[in-house]
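First to last, the sequence lines map onto chains A and B. Position in the first sequence counted from 1, then plus 559, gives you my numbering. Position in the second sequence counted from 1, then plus 1016, gives you my numbering.
Note that these hints are calculated values from the structure, not bench results. Hints are supplied without guarantee of correctness; some may be wrong.
[As the list claims (entries may be wrong)] Okay, derived cross-link-like pairs now, DMTMM-like style, lysine to aspartate or glutamate, Cα gap no bigger than 20 Å in a straight line: (1) 561(A) with 1033(B); (2) 561(A) with 1174(B); (3) 577(A) with 1119(B); (4) 742(A) with 717(A); (5) 561(A) with 1019(B).
[Stated by the list, open to error] Among chain B residues calculated to face chain A with C-beta under 8 Å, some are: (6) 1071; (7) 1096; (8) 1098; (9) 1106; (10) 1107; (11) 1114; (12) 1115; (13) 1123; (14) 1124; (15) 1127; (16) 1214.
[To be verified] Footprint (simulated), chain A over chain B, 3 or more residues, beta carbon under 8 Å: (17) 1086-1095; (18) 1128-1138.
The C-beta atom is built at its ideal place from N, Cα and C for all residues, glycine as well.
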Amino acid sequence: MKIPRLIRNSFLMMGRYKLRTSFMMLGSLVGIAALTFVLSVGQLAQQKILEMVGRVFSDSTIVIHAGGGMMMGGPRGAATRLTADDIQAVAKEVPGVADWDTQQSVTLPVRRGDATDNAQILGESERWQRVWNRTATRGDYFDETAVRASARVAVIGETVAQELFGNDDPIGADIQIGSAPFKVIGILEPWGTDPHGMDEDNVVVVPVTTLMRRLSNLDKIGMAKLLINDPGQAEQMKVQIAEVLRQRHALSTGQPDDFSILTATEVHRVIGEIQRVIFLYLPLVAAVSLVVGGIVSASLMLSSINDRIGEIGLRRAVGAHSADIRLQFLLETATTIVVGGLVGIAVGYAVAEIAANRMHLGTANPWLATALGIAASSVVGLLAGVFPAIRAARLEPAEALR
Amino acid sequence: MIELQKVAKIYRRPANDEVPALVDVSLHIGRGEFVAIVGESGSGKSTLMNIIGLLDVPTQGRYRLAGVDVTEFNPNDQANMRNRKIGFIFQAFHLLPRTTALENVELPLLYSNRKSISGLARKALEAVHLADRLQHRPSELSGGQQQRVAIARALVNEPDLLLADEPTGNLDRRSAMEIISIFQSLNRDGRTIVLVTHDQEVARYTSRIVRLEHGRIVADETVEESKVAFAQEAQ
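The whole structure should be built from the sequences, with the hints applied where relevant.
Have a look at this one:
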C-alpha cells in the first residue's frame, strides 16, 4: 500500500522541480547519447570494414607487396624489385596456389574531350576478375591475348564513366590515359567507398603489360594477390613463398626482406585491433562522459538535499522511516537519470543515423546500443542516487526541522 | 495521554562537557487537555516538545504516550507512532513549496498503512475552512491560510495529540487569533493539544500553563491561577 504511494509522490516531486530535474537529465542524456552514437557508428564501421575486407581478402588469400617493412603502404614502384616473373615462379614452385594476379598502379588524369578525371589506373592480369572477385557488369573484361599484346583497352569504374561520359554510352569510346589513347571495353561492378574514404569506382583497369610499357615505364609490380587451395596451409606457404622470393632476389642471411607477405592471420589481427578500438576504447571515452554526467547528477541531488532539509524533517515528523526517505531520493535520482538516458539513446541513435548516412555506412541496428544504454544509465542512476539518498536518510528529524 | 517521569535530556558537546537541557521533568497531561508550555528561549521547551513528539529521546526517565511506554522505541516505531498518534504544527509551517494544499495535507497519509486514503485530505482541509483552496500552492496562500493547511495536515491521520510549536509566531494578530480559535474548537471536540510558546498572551487562551526555566518545570497552573500570578507580576 505504502510503496506505490511513495513512488507516485517521488514522481510528483520531480515534476515540481523541473529545472533541477532537467539538468540532472541532461547529464545522463549527453553521456548515453555519446555511448549510443559511438556504439551504433562503430557497429556500422565494423560491418563496412568486414565487408570490404571480406570482398578482397578471404581466408584463402595471400597478398605479396613489393618492398619490406609495413604490411600496408610502404615503399613501392622504382625502389622495389618484385616482378611478374617472381610471382610466376612462386606459383610454380610453391604447391597449393590456385590462381594469382599481378598488379601495378599509378594515378593519372583520364580525359575525354574536355572532361578530365584523376583516377587510379590499375594494371592487372587477365585473371583479375577471378582473383579479385570483381567483374565487368557491362561490356567485357580483357583476355590473355590483350595482356600479351599490351593492348590499349580499359575497363572503367562508375565514377570515371560518370565524370567523362555523363549519360553517353562509354563502351567502345576512346579515352586518353596520361598521354596514351585507350578504348573503353567495359564498366566495372560498383564497389562504393572503402573504409579509408577512397572511391573504389574511381578506377580504370588496363592490362598490366600496357601499364608498364605505355604509362609507367616500369617493369616491376606493386603487389600480387594469390588464391590458395587450402586456407590451413597459408602460414606454411608464406614461409615457402618468402624462400622463393629471397632466393630470386639473392638476399643473404641477415638482409631484410624486400617484399612483405600478408595472410588472413595478419588481416584478422588488424581487424581485431580495429574492433578493439571501436568496441573498447571508443565506448570507454563515451563511458567517461557518462560517469561525468552521473557525478553531475549526483552532486545536483546532493546540493538539493540542503535545500530540502526542511522537507526531509517534515516527512520524518509525519511518519516517514529513514528507509522511506532513502527510497524517495534514490527513486528521484535514478528515474531522472534513466529517463535522461532513454532520451539520450534516441538522440544518440538519431545522430548516428545521420552520420552513417553521410558516410554511406547503411542503417544501424539499434538493439545493442539501446540495451547497453539502458543498462548503463540504470547502473549510473543507481550509483549516483545511492550517496544522496543515504545522506538524506541519515538526517535526524529534530535536527532537520530546526 | 502524556506521562513523563523524571525525564532528563543532556546534550554532550564535542568538548566533552555536558549541557543539561531538561532536568527531572515529570509531567502528566490528560486526554482532552489544552496545555501551553511556556518559557524563554533556552529554557528547554523545544527539547521537551521534541521528546513529547518522539523526535528525540530522553537521556533519563520514562515516557508513556497514549498508555504505551515509548521510552525504548526504535526510530521506526517512533515514526509509526508519530504518524498515527501525533499531529505536528510548526512556527514555519513547513509546507512543501510548489506543492498544492491538498498534496501537502496528503503527506502523512503517504506514510500510513491505511488501505484507502482518498477523500481524507479534502475532508481535513474542509475542516479548516479551506475547501476552496485545495489546488493552491503555499506561495498563493496567506500566512494564516498556510498555517491552516498545516493544521489540516496535522489532523488528517486523526491523531490523539496535536503538538504545536509557536504556531502563531510567524503570523499577524488577526491570523494568530484565527489559529487559536481553531485550536480551541478542536479542543472542545475532545482533542488533546500541547502548544509550545514564549508568548504569555497566546498561552492564556489554553486551559493550563506549564512554565519551564533552565530545563525545570517551575510552574504548572490552570489559566485562572496563571492570570492571578500574571496580575501580581504586573503590579
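Requested in this report: Using Cβ atoms only, decide whether residue 1127(B) comes closer than 8 Å to chain A, and label the hint accordingly.
Outcome: 4 Å, holds
Report task. Please work out if residue 561(A) and residue 1019(B) have their alpha carbons no farther apart than 20 Å. Result -> At roughly 31 Å apart (the allowed maximum being 20 Å), residue 1019(B) and residue 561(A) break the hint.
Query raised in the report: Are residue 1098(B) and chain A close enough, Cβ to Cβ, to be under 8 Å, as the hint says?
Result: 5 Å, holds
Report task. Using 8 Å as the Cβ threshold, decide whether residue 1071(B) counts as touching chain A. Result -> 4 Å, holds
Query raised in the report: If you draw a straight line from the CA of residue 561(A) to the CA of residue 1033(B), is it 20 Å or shorter?
Result: Violated: residue 561(A) and residue 1033(B) sit about 43 Å apart, past 20 Å.
Query raised in the report: Are the Cα atoms of residue 561(A) and residue 1174(B) separated by 20 Å or less?
Result: Measuring from Cα to Cα gives roughly 18 Å; hence the hint holds.
Report task. So, residue 1214(B) near chain A? Judge it on the closest CB pair being under 8 Å. Result -> 16 Å, violated
Report task. Count residues of the stretch 1086-1095 of chain B with a Cβ under 8 Å from any Cβ of chain A, then say if the count reaches three. Result -> holds (count 3)
Query raised in the report: Against chain A, with CB atoms and a cut of 8 Å, does the hint on residue 1123(B) hold up?
Result: 6 Å, holds
Query raised in the report: Taking 8 Å as the C-beta cutoff, is the stated coverage of the stretch 1128-1138 of chain B by chain A satisfied by three or more residues?
Result: Our answer is that it holds, as 5 residues pass the Cβ test (under 8 Å) against chain A, meeting three.
Report task. Hold the hint about residue 1107(B) up to the distance rule: shortest CB distance to chain A must be less than 8 Å. Result -> The hint is violated - residue 1107(B) has no Cβ within 8 Å of chain A, the shortest such distance being about 10 Å.
**Report entry** Interface hint for residue 1106(B), Cβ within 8 Å of any Cβ on chain A
**Finding:** Interface hint status for residue 1106(B): holds (7 Å vs cutoff 8 Å).
When each numbered hint is compared with the structure, violations occur for hints 1, 5, 10 and 16.
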